[in-house]
Amino acid sequence: MGDKDRIISLEEVKQHTKDEDCWLVVHGNVYDVTDFLEEHPGGYDVILSVTGKDATRDFEEVGHSNSAKQLLQKYLIGKYEGGDSAPETETAPKAVSTTTDAATRTWRALLPR
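Count the sequence shown with my numbering and you get residues 5 to 117, in order.
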C-alpha cells in the first residue's frame, strides 16, 4: 500500500492545524497544504480556518476551478477514514422544454410554412 492509500483518522487530521503543519480533508482525501499556504490566492488564513477538519463544503462553496482541484492532488497524503462527506455527482442534463414561448409562437404565425 502506497503512502497516498494510507487511512487517516479525524483525530490525526486535528493535530495539524498550524501554519507550519496544515492538513485538511476534501472529498474523502487528506491533504497536507502547508507548502501551499503562501500561494493560496484567497490568503493563507482562509485555509487555516478550515484545517483539521473536513473542509469539503467550504472548498465546494467557493467554486474552485478545475485547475485548482488538480493542483490539490499535489498535496494528497492519504484517505480520510470517514470517506467523502459530499460525493461529487454528475449534473443531470437539463430538461428540454416542451412548451413554446410566446415569441416563437408569434414568429411561427407570421412566417409562411
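Because the hints were derived from the structure by calculation, they are not lab data. Every value quoted in this text rests on a predicted model; they were computed, and no experiment measured them. The beta-carbon is built from N, C-alpha and C at its ideal position, and this holds for glycine as well. Some clues are possibly wrong.
[As the list claims (entries may be wrong)] Below are the BS3-like pairs computed for lysine-lysine, each with C-alpha atoms no more than 27 Å apart in a straight line:
#1 K22 with K57
#2 K78 with K18
#3 K8 with K57
#4 K8 with K22
#5 K8 with K83
#6 K78 with K8
[To be verified] Simulated restraints, written as ranges between beta carbons of each label pair:
#7 V50 with Q74: 27 to 35 Å
#8 L80 with K22: 29 to 37 Å
#9 E15 with S71: 31 to 39 Å
#10 I81 with Y48: 29 to 37 Å
Comparing the hints with the structure gives:
Straight-line distance between C-alpha atoms of K22 and K57 comes to about 13 Å, which keeps the hinted pair within the 27 Å bound. Under the criterion of a C-alpha separation no larger than 27 Å, the hint pairing K78 with K18 is consistent with the structure, at around 21 Å. About 18 Å separates the Cα atoms of K8 and K57, which keeps this hinted pair within 27 Å; it holds. For a cut-off of 27 Å, the pair hint linking K8 to K22 stands: about 22 Å separates their Cα positions.
This hinted pair checks out: K8 and K83 have alpha carbons roughly 7 Å apart, not beyond 27 Å. Distance restraint check for K78 and K8: the Cα-Cα separation of roughly 11 Å lies within the 27 Å cut-off, and the hinted pair is therefore satisfied. Range check, V50 to Q74: about 19 Å between beta-carbon atoms, so the 27 to 35 Å window is missed. Separation of L80 from K22 is about 20 Å and departs from the stated range, judged on CB atoms against 29 to 37 Å.
For the pair E15 and S71, the beta carbons lie near 32 Å from each other, so the given range of 31 to 39 Å is met. Hint check: I81 to Y48, Cβ distance near 19 Å, so the stated range 29 to 37 Å is violated.
Hint check: violations occur at hints 7, 8 and 10; the rest are consistent with the structure.
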